[in-house]
Amino acid sequence: MGDLDRTIHEPARLRILTILSGVDAADFNFLLNTASLTKGNLSSHMDRLEKAGYVSITKSFKGRMPHTSFSITEEGAAALKKYWEGLDAIRAMQEQNDIEK
Amino acid sequence: MPKKKQYQPGDPRQIVLWARRYAQSRTISFLVQWVFIVIMVLAIGLAAALTQTAHEQGRMGLFTLSVGVMILSALLMLWFSISRWTSDLIFSITNWLYGREGYASWSGSSGKEEPLPLWLTGLSGGLLAYHLLGALLISFNYMNIRHLQPWSALYMTPFLIIMVVYQRLGFWAWIWPVLYGIHGLLLYFGLSWRFGREYELLNIVVPIFGYGLAAILTGHLYSRYALLKLKTLTRHAIPDGEGTEEEADSGTQAGDPDNG
Numbered sequence: 001m002g003d004l005d006r007t008i009h010e011p012a013r014l015r016i017l018t019i020l021s022g023v024d025a026a027d028f029n030f031l032l033n034t035a036s037l038t039k040g041n042l043s044s045h046m047d048r049l050e051k052a053g054y055v056s057i058t059k060s061f062k063g064r065m066p067h068t069s070f071s072i073t074e075e076g077a078a079a080l081k082k083y084w085e086g087l088d089a090i091r092a093m094q095e096q097n098d099i100e101k
Numbered sequence: 102m103p104k105k106k107q108y109q110p111g112d113p114r115q116i117v118l119w120a121r122r123y124a125q126s127r128t129i130s131f132l133v134q135w136v137f138i139v140i141m142v143l144a145i146g147l148a149a150a151l152t153q154t155a156h157e158q159g160r161m162g163l164f165t166l167s168v169g170v171m172i173l174s175a176l177l178m179l180w181f182s183i184s185r186w187t188s189d190l191i192f193s194i195t196n197w198l199y200g201r202e203g204y205a206s207w208s209g210s211s212g213k214e215e216p217l218p219l220w221l222t223g224l225s226g227g228l229l230a231y232h233l234l235g236a237l238l239i240s241f242n243y244m245n246i247r248h249l250q251p252w253s254a255l256y257m258t259p260f261l262i263i264m265v266v267y268q269r270l271g272f273w274a275w276i277w278p279v280l281y282g283i284h285g286l287l288l289y290f291g292l293s294w295r296f297g298r299e300y301e302l303l304n305i306v307v308p309i310f311g312y313g314l315a316a317i318l319t320g321h322l323y324s325r326y327a328l329l330k331l332k333t334l335t336r337h338a339i340p341d342g343e344g345t346e347e348e349a350d351s352g353t354q355a356g357d358p359d360n361g
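Chains L and R are the protein sequences, given in the same order. Quick note on the numbering used here: the first sequence kicks off at 1 and runs consecutively. Quick note on the numbering used here: the second sequence kicks off at 102 and runs consecutively.
Worth flagging that the hints you see were computed from the coordinates, not collected in a lab. Hints may contain errors.
As the list claims (entries may be wrong) - Pair by pair, the computed Cβ-Cβ distance ranges are:
# : chain 1 : residue 1 : chain 2 : residue 2 : range
1 : L       : Ile99     : R       : Ser193    : 55 to 63 Å
2 : L       : Asp3      : R       : Leu322    : 52 to 60 Å
3 : L       : Glu95     : R       : Val307    : 54 to 62 Å
4 : L       : Thr73     : R       : Leu221    : 47 to 55 Å
To be verified - If you want the footprint, here are the derived chain R segments under chain L, 3+ residues with CB under 8 Å:
# : region
5 : 141 to 155
6 : 247 to 256
7 : 329 to 339
Heads up, the beta-carbon is just placed ideally off N, CA and C, and yes, glycines get one too.
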C-alpha cells in the first residue's frame, strides 16, 4: 500500500480523476452529479488535485456566463495509470498468496 | 488513441468508458444545428421551386427575388456554421437544457472551443455551393427535381461521415449519413415509395429531417443510459471511504459555481 499515491487513493479524488480521464473537460455540476459529492467536498478535493498538478482549471465566458471547466493533466493521467498498475500488482500478489495458502 | 482494454464488470476503470460514451452522446447542441439546417434547406428548396416557376412563366422580378433568397439563405447558413455567436447560442441552449447535470466534452462532441479547421470550413462551404448548384440546375431544367435527394446524398453522406469521424462522435451519429446515403441510392434506382409531383421537395426534406432527428434522439436516449451507468458504477465501484480526509464546506473553493 505504501507505493500507492495517497492523493489519488482517497475514494472521492479517485472518482473525480477517473471521470476526468474519460473526457476532455467537465464542469463543476457534472462532477457533483456523477461523483456524488457535496459542493464543499468537491471544491476541497479539486483544490487538492489542482495543487498536486493533477487537474487544470479553465475559467472562461460563454457569452455573458462565466464557465469553469476541469481537465486532467498529463501528470494526473500518468499518476492515475501508475495507481491502477500499483493496485493491480497488489491484487495479483494477494491472489498468489491465497493460492499458496 | 488509447488501447481498448477489457475490464471485469464493476471494475472502476469502466467509469472512463461510460464518461466518454456520455460525453460523445450529448446531442442537444446538434439539435439546434439540425433545426437551423432544416430551415435553411427548406428556404433554399422553396426558393428553387419558385425560381423554376418564375423562369417558366418569364416573371423576371419574381425570378430575381427568389434567386436572391436562395443566395441569402446559403450565406446565412455559412455564417451560422462558422460564427462565434452560434457557439454561444448553442452553449446557452445546451446549458438551459442540460445545466443541472453539468457539462462534459469529448474531442469537440459538445462545445469544442477551437473553430473548425480551414479544410473543414471549406467542405461546409462546398456543401452549400453544391446544393445551391443543384437548386440552380433544377431551376434551369438541367436536372429533374426527382434527383435532388440523390444529388444531395452524393455530397452530404461523405461530408457527414467526415464530420462524425473528425468530431469522434458516438455510434448514433452514423445513423444520419448511412440512412441518408441508402435513401439516395434507393431513390436513384427508382424506389416507388416517394412523395408525388406536388410534394417532390419532401423527398429531400423528410430524409434530412427524419434521419437527423432519429440520430439525435438515439444519441440523447443513449446519453441518459450512459449517465445512469456512470453514476451507478461510480458509486459502487469506488465506494465512499470510512472517513474522508476533508469535509470542508467553507472558504473560497476551486471552481465552486457560487464563487464564479
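Hint-by-hint comparison with the structure:
no., hint, verdict
1, L:Ile99 x R:Ser193: 55 to 63 Å, "holds, 59 Å"
2, L:Asp3 x R:Leu322: 52 to 60 Å, "violated, 43 Å"
3, L:Glu95 x R:Val307: 54 to 62 Å, "holds, 59 Å"
4, L:Thr73 x R:Leu221: 47 to 55 Å, "violated, 28 Å"
5, 141 to 155, "violated (count 0)"
6, 247 to 256, "violated (count 0)"
7, 329 to 339, "holds (count 5)"
Of the numbered hints given earlier, the model fails hints 2, 4, 5 and 6; all others are met.
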